[in-house]
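In order, the protein sequence lines correspond to chains A and B. In this text, residue positions in the first sequence follow numbering that gives the first Met the number 0: the first is 0, and each later residue adds one. In this text, residue positions in the second sequence follow numbering that gives the first Met the number 0: the first is 0, and each later residue adds one.
If you are wondering where the hints come from, they were derived from the structure by calculation, not from laboratory data. There may be inaccurate statements among the hints.
Copies of the same chain look alike in the list, so a pair counts if it works inside one copy or between any two.
Said to hold, decoys possible - The calculated DMTMM-like cross-link candidates involving lysine to aspartate or glutamate, where the alpha carbons are at most 25 Å apart (straight line), are:
{"hint": "1", "residue 1": "K1", "residue 2": "D50"}
{"hint": "2", "residue 1": "K56", "residue 2": "E72"}
{"hint": "3", "residue 1": "K9", "residue 2": "D50"}
{"hint": "4", "residue 1": "K56", "residue 2": "D73"}
{"hint": "5", "residue 1": "K1", "residue 2": "D14"}
{"hint": "6", "residue 1": "K18", "residue 2": "D80"}
{"hint": "7", "residue 1": "K3", "residue 2": "D80"}
{"hint": "8", "residue 1": "K10", "residue 2": "D25"}
{"hint": "9", "residue 1": "K3", "residue 2": "D25"}
{"hint": "10", "residue 1": "K18", "residue 2": "D59"}
{"hint": "11", "residue 1": "K3", "residue 2": "D44"}
{"hint": "12", "residue 1": "K9", "residue 2": "D80"}
{"hint": "13", "residue 1": "K3", "residue 2": "D14"}
{"hint": "14", "residue 1": "K9", "residue 2": "D25"}
Protein chains: 2
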Amino acid sequence: MKAKIIITPKKAVLDPQGKTVQTALDHLGYRGVTGVHVGKYLEIDLAPGTDRAAAQKALDAAAHQFLSNPVIEDYRLEIVD
Amino acid sequence: MKAKIIITPKKAVLDPQGKTVQTALDHLGYRGVTGVHVGKYLEIDLAPGTDRAAAQKALDAAAHQFLSNPVIEDYRLEIVD
Chain A
0 MKAKIIITPK KAVLDPQGKT VQTALDHLGY RGVTGVHVGK YLEIDLAPGT
50 DRAAAQKALD AAAHQFLSNP VIEDYRLEIV D
Chain B
0 MKAKIIITPK KAVLDPQGKT VQTALDHLGY RGVTGVHVGK YLEIDLAPGT
50 DRAAAQKALD AAAHQFLSNP VIEDYRLEIV D
């Protein structure tokens, strides 16, 4: 079982890294890109037999408390088999 | 239309950031975590009416050539509506 956490800057927050990638793509000839958001991706391997609901709850708390910065970032947590 | 690119270190490559998160989770009492991999996440907004196949091809090239480092990183590209 795995947990996937995607952490992205909130839409209202400046994303200079995303802006840089967007400019680079444009300079390299990739047209049609209207925006780029750069975030973090965490893949967490869970021991076999871990309780899904408990893992979801614990990792949701971890993501909120110290993996992301809730003031400027959003996160999505997904548990997959 | 959006493209999502997930860039992760190859399994054989040392991932000190992942190791640090794993240790931190353990210290904070989250048991059952057997591994953590930290990567990058890019969300690319595409102009409406962009050709899906062409975007897939162009972004695949971009991901391979300069968004990721193919020596030490893997990437997954997904185009969603």
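So, against the hints stated earlier in the document, which numbers end up violated here?
Hint 3 contradicted; others consistent.
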